[in-house]
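For reference, the chains in residue letters:
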Amino acid sequence: MRGMLVGAMLLAGLVAFPIWAQAADEPFLITLATRAVILALAAVGLNLALGQGGLVSLGHAAFFGIGGYAMGILASHAQSYAPLMEWPFVIEGTRSMPVIWLVAVLASALAALGIGALSLRTTGVYFIMITLAFGQMLYYFAISWTAYGGEDGLSIYVRNGFPGLNTLVPIEFYGLCLVILLVVLAFHAALIRSPFGLALNAARQSPERVRTVGIDTRRLQLAAFVLSGAITGLAGALFADLNRFVSPSMLSWQMSGEIMIFVILGGAGRLFGPVAGAIMFVALEHLLGGVSDYWHVFLGILLLLVVLFVRGGVIGLLAGARR
Amino acid sequence: MTLLALEGVTAFYGPAQALFGVDLSVGEGEVVALMGRNGMGKTTTVRAICRLIPARGGLIFDGHDLTALASHRAARLGIGLVPEGRRCFRDLTVTENLTAAARAGPWDRGRVEALFPPLADRRRQRAASLSGGEQQMLAIGRALMTNPRLLILDEATEGLAPLVRAQIWDAIARLRAESGMAILLIDKSVKEIAAIADRATLLERGRSVWSGAMTDLTPELTDRYIGV
Chain A
1 MRGMLVGAML
11 LAGLVAFPIW
21 AQAADEPFLI
31 TLATRAVILA
41 LAAVGLNLAL
51 GQGGLVSLGH
61 AAFFGIGGYA
71 MGILASHAQS
81 YAPLMEWPFV
91 IEGTRSMPVI
101 WLVAVLASAL
111 AALGIGALSL
121 RTTGVYFIMI
131 TLAFGQMLYY
141 FAISWTAYGG
151 EDGLSIYVRN
161 GFPGLNTLVP
171 IEFYGLCLVI
181 LLVVLAFHAA
191 LIRSPFGLAL
201 NAARQSPERV
211 RTVGIDTRRL
221 QLAAFVLSGA
231 ITGLAGALFA
241 DLNRFVSPSM
251 LSWQMSGEIM
261 IFVILGGAGR
271 LFGPVAGAIM
281 FVALEHLLGG
291 VSDYWHVFLG
301 ILLLLVVLFV
311 RGGVIGLLAG
321 ARR
Chain L
324 MTLLALEGVT
334 AFYGPAQALF
344 GVDLSVGEGE
354 VVALMGRNGM
364 GKTTTVRAIC
374 RLIPARGGLI
384 FDGHDLTALA
394 SHRAARLGIG
404 LVPEGRRCFR
414 DLTVTENLTA
424 AARAGPWDRG
434 RVEALFPPLA
444 DRRRQRAASL
454 SGGEQQMLAI
464 GRALMTNPRL
474 LILDEATEGL
484 APLVRAQIWD
494 AIARLRAESG
504 MAILLIDKSV
514 KEIAAIADRA
524 TLLERGRSVW
534 SGAMTDLTPE
544 LTDRYIGV
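Residue numbers (our numbering), protein chains in the order written: chain A, 1 to 323; chain L, 324 to 551.
Please keep in mind that the hints were generated in silico from the structure rather than gathered at the bench.
Mixed in with the good hints there might be a few duds.
For the chain A half of the interface with chain L, some residues (derived, Cβ under 7 Å), not all of them [said to hold, decoys possible]:
#1 A199
#2 P207
#3 R211
#4 H286
In silico negatives: residues of chain A with every beta carbon more than 12 Å from chain L [to be verified]:
#5 V213
#6 A223
#7 L242
Glycine included, every Cβ here is placed at the ideal spot set by N, Cα and C.
Just chain L, with the same shape it has in the complex (with noise of 0.2 Å):
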């Protein structure tokens, strides 16, 4: 069953467009990757589909239509985001992060520290304080801790270290294999997401251009819409 469908979204920042036609679907237990060069409208896409920035056409969540609703109600429809740059409540503690954005679920606390144990060693340190790598375990466990249906991941591993990366991916198998949420993954990393997505829709300049199977992703694509 589709959980999120868009239908010819279109976006504006200001006067200026921003998409000008997505096309893009999500499954219940469906893990599907966004995937695009720089500035071809990913992280604009997932706004418009957190209701942070205003769009037009089909945007549904699970029979909602997501264009009536406001940011926090999309958010407690049950889409979870970790946006880009992680962007943890710098003064809060580890604990209070999680506590902060807690909705009632099977993700609690204990939860989160058992998917990622280095929170645990971290409660009381302040979110700035935790290097990059903690802070996106962070910025994960917070969008965990609302209990989502769908988790849509913003560039999850950029900047961090291979190893933290590998930490991430890791995690990112274990949700997908004991949890059954959906995911919405954007990312350049084409092998990784290749292990984990089912899916994948490619953007080019504002526009859904391509969506099938992971298997039938080709390097001619990857090159020409990803640039790897």
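Chain A extracted, bound-state conformation (with noise of 0.2 Å):
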């Protein structure tokens, strides 16, 4: 119950905060917002493999970055009104977002399947070790392919489109990524209540005993991580579309550490605890970043604190226990 309505006040401060920041002309803080309510997605992706499926990937950035370069191809070939593809059939690029979303989902959706159908043959630190090995693959390949920026990564001139919106206007492309958020959390929430997300909790506690009870739970926990991935794809499309920039940056391992430390931060498993994890580190970096150079210091001291000493981390420590 407390879970909720910490929740309820936590979307109550997204919603109230940009407006607030819109009264008081002050576009930055509502760009910061969503760069906090997109990195809040990417978690909540993640959250799924590591809070429920308790599969540790060290490699979500590869699915942040193939969703951010789904964006960067596909608008950059509509920009240079060259098509993406001429045989056997013409593919254009784009700018229209719900197809690059698509699109996005699709490629990071199919590249967890062939992540994860080879890490799931291992377990623990193996895990760890190979999907973290397919993230620095995907980031030198992104580093070496000149034709789509190499090293430099690749800039798109004008924010991609949405029907009915002017997504250059920071207070409409916030709604948007915040409608999004809801809406994935939305089915986050439903997912880990029904039978899929309670064999998944299951088989994080005992893939034994799930197994006994006849569920495949490496199909299962494939499943999970492919949905995973979806989701993050689809935060890195956006975040891309923020910054109306992408590079390989965004496919480096120190990005998968930072969406595993939203998660951490907030609290694994808990619906809201990748969300509250974003917005601490979005407004950690914004205070602290413009105090010193080395304000990671003071985030790596409060993910020591709270690994320590709070159990579900900043959820858990607001909404008490599990359940």
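Got two chains here, each in a separate frame; can you build the complex from them with the hints?
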């Protein structure tokens, strides 16, 4: 009950803050909030694999980056009027966000299917290492992919469009991102209460016991990993659109680490944990980043305190233990 | 008709051999007891049947060779396991434990709660917070939710208070009378088993040493192989 109350307050804050920023004529703060919402979405994706499934993936930046590059590639071709592919059929670039999101979700889901199918043959520290290796593989591929900017990345001049909205207006783009986050959170909430989600949770506790009730745990975890990758990929497309820029850094292991920090800081396995974690991260980055270049030290101390003393992250601290 | 048939089953834990030749059969609707002292291979036999450890020899369930199957496929054929030590999903509620295991068939939550009324009063309680007896009821209920054709109960009454043990035995008797489900019982309570089982198989050092009707199980045999 307290968990829902904390979640509702968090969401109320996400609605109220940009309205206040708009009234105060602070568009930069709206962009900052947009960044928090998009990073929260990426972390909600990881939370499905990490929090619910116990799959400690240190390669989720791969999906974040694939989503980003899906946006960058499609939009850059639309920008240059050069088709993406001419044979055997013509594929043009696009500036339509819904089409870009669909491509980002499908591409990152497909990548998650391949990476997950191989990685889930291992467990524990080997799973962490193999997901990290896949992430780094894609990172170095992006660096060498000069057709799409290589190390310098890819810039898009104008933010992509969404029917009925002017996405260049910060609060309109923010609203769009927030609605997507809310829809994904609602989907996540329904999923964790479904037999699929319950079995996934049970498999985290004991895969053997889940197998004895007739469930193929590897297929279950693979499905969760694919969904998780797809959500993080969608966040990647939005993040690239926010910055109008995509670069290999979106695929780096540091990015994977940051997404994991959002989840752990906010509360792994808690519905609103990744949202709280991402907001805290962006707020600290903004507030402490102005004071010192070494603000990550303070983040590190905070993370240590949370891991050592608070079970269930910040949401656990505010809402108490699970159930 | 024979539902489960084991013939000369051997199994290993790494390099250590645990089963040296187990013969066992359970017919449709039959209740069979697998008995023996601690460490004689009862749970290992159950783990071999459920494909939780690799095993060799004849392992046939309803015409299917179990040795070729993964554990979840064996379960889907209709083998329901209530593992030793209960082992519910601790972080899930009673209802969630039952829902996570559910497969279509005559057993649903309502029927499980009718068999174990205490579970109906604890629906929203986490499994970890239940008493030992309630956890055992939940473990049996979870196995029933998979709608098995063979229910394997591994030490279902171990470590429970006498009153709770009586409740569990009563539920097993009702299961037998009402559902006609085949049951493989692993337990050391000869008196209770004698009242419920049709046949018994005795294990000694990883081998089946005696099989026969419960009525033929003499005090000499129980003294020698079960130690009671």
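A quick look at each hint next to the structure:
For A199 of chain A, the interface hint holds, the least distance from its beta-carbon to any beta-carbon of chain L being 5 Å, beneath 7 Å. A cut of 7 Å between beta carbons decides the hint on P207 of chain A: the least distance to chain L is about 10 Å, and the hint is violated. Residue-level restraint check for R211 of chain A holds (minimum Cβ-Cβ distance to chain L is 4 Å; threshold 7 Å). With a cut of 7 Å, the hint placing H286 of chain A at the interface with chain L is violated, because the nearest CB-to-CB distance is about 36 Å.
With a cut of 12 Å on Cβ distances, V213 of chain A falls inside the contact zone with chain L, its closest approach being about 4 Å. Listed as a non-interface residue, A223 of chain A keeps its Cβ farther than 12 Å from every Cβ of chain L; the least gap is roughly 14 Å. Non-interface status of L242 of chain A relative to chain L is upheld: no Cβ of that chain comes within 12 Å, the nearest being about 36 Å off.
Consistency with the previously given hints fails for numbers 2, 4, 5, ordered from lowest to highest.
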